[in-house]
Amino acid sequence: MVIKIMRDFAKRIFSSIFKRRSNISIGFYGPPNAGKTSLANRICKDWTGEEIGTVSKIPHETRNVQFKEKVEISYKGKKITFKLVDTPGIATKIDYEDFLKYGMGKKESQQRAKEATQGVIESIQWLDDMNAVIVVLDSTQNPYSQVNITIIGNLVARKIPVLVVANKIDMKKADIKRVESAFPEYDVVGISAKYGKNMDEFYESLFKLARKA
Amino acid sequence: MRKPKTINGFSLRFIPFAEIEALSSGDRIKKILDVALENRIVILQGRLKAEEESRLIEDTMVMIGRVKGFKGIELSVLQPNSNNLSIVSKLKHNLANALVSSHDALTIIGPASIVREIRKDPKKVEIFMKR
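Listed in order, the protein sequences are those of chains E and P. This note's numbering runs 159 ahead of the 1-based position in the first sequence. This note's numbering runs 1170 ahead of the 1-based position in the second sequence.
Treat the hints with care, since some could be wrong.
List of simulated lysine-lysine pairs, DSS-like, C-alpha gap at most 25 angstroms [said to hold, decoys possible]:
#	chain 1	residue 1	chain 2	residue 2
1	E	242	E	260
2	E	273	P	1293
3	P	1200	E	265
4	P	1293	E	163
5	E	265	P	1241
6	E	266	P	1200
7	P	1241	E	273
8	P	1241	E	332
9	P	1200	E	260
10	P	1293	E	260
Just so you know, these hints were derived from the structure itself, not from any lab.
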């Protein structure tokens, strides 16, 4: 009888650990053009050989939530399966005229703006489905923008673990220290998703994040 | 001598926290957006809850699609830095905020058609207007 109880207990513990460590939904959140899709692509390519979405210099390239399920990542002998969720950039304003500067036609720009506004709404609505979130920031930009603060504030309110990624460290204007001082309570890892720079440290931080999820 | 560029003027609307305190989250956001849609800059005493801030962004996106010429908002929350306070003062500050909401903050919400950018830095805040 005692053996049976102990065996059931061990089984429950094991299954709960196993459950926690498989298919963890990780969201990529942040302002437009910070490199969310570039990072999601880098991870997907590293571990599945496929990309998750297209990237562009024109803001709001990702206008729908896109995801990749069962991405198995190994790090230092440990394996975790993730569901990677790439979200449209969150902004407080969208002006179709901004897209005209990139050589787009008026109609195409208006359509892109319309889809981008819907994308922002979709991103926010997906927040509740995340087990953990990677906030991707462009390390060449001012990190103190209210959008960044609002995203992180919402994650804290929902008790969702956060990892801050300072992307584009390959660029001259990159300033990771500024990102660190803007968000002193969070783990900040500097990377270049485009060139795969510092990905080892990123995966280490990702596994730490998964443990909190 | 080069003539300095000027802007035609803008209108500010101060909303004391008491004016929104009893409102539901939806009504708070509606009140703020109504003022922004009149092309006025809102100076709100205190700050919205995190969920209200994200809902403000969602509702702003909906309005961009519905109201002609509306391009969104610039949003910034200014809050005194509590990092330099002693532990006791910090506790008092947090307790006061929890009880009566964050009254020592200021929230600036400007329509994107007149406010180009609110640039925040730990030491200063700059509001850049559209000409």
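Against the structure, the hints:
Simply put, residue 242 of chain E and residue 260 of chain E have alpha-carbon atoms about 35 angstroms apart, too far for the 25 angstroms limit, and the pair is violated. Proposed proximity of residue 273 of chain E and residue 1293 of chain P is contradicted: the alpha carbons are some 36 angstroms apart, above 25 angstroms. With a C-alpha separation of about 30 angstroms, the suggested pair residue 1200 of chain P and residue 265 of chain E falls outside the 25 angstroms cut-off, and the hint is violated. At most 25 angstroms may separate the alpha-carbon atoms for a hinted pair to count; residue 1293 of chain P and residue 163 of chain E exceed this at roughly 63 angstroms.
Between the alpha carbons of residue 265 of chain E and residue 1241 of chain P the distance comes to roughly 15 angstroms, so the proposed pair stays at or under 25 angstroms and holds. For a cut-off of 25 angstroms, the pair hint linking residue 266 of chain E to residue 1200 of chain P is broken: about 30 angstroms separates their Cα positions. With a CA separation close to 11 angstroms, the supplied pair residue 1241 of chain P and residue 273 of chain E stays within the 25 angstroms bound. Among the hinted pairs, residue 1241 of chain P with residue 332 of chain E is inconsistent with the structure: their alpha-carbon atoms are about 29 angstroms apart, more than 25 angstroms.
The suggested pairing of residue 1200 of chain P with residue 260 of chain E is violated, with an alpha-carbon distance near 32 angstroms, which exceeds 25 angstroms. Proposed proximity of residue 1293 of chain P and residue 260 of chain E is contradicted: the alpha carbons are some 33 angstroms apart, above 25 angstroms.
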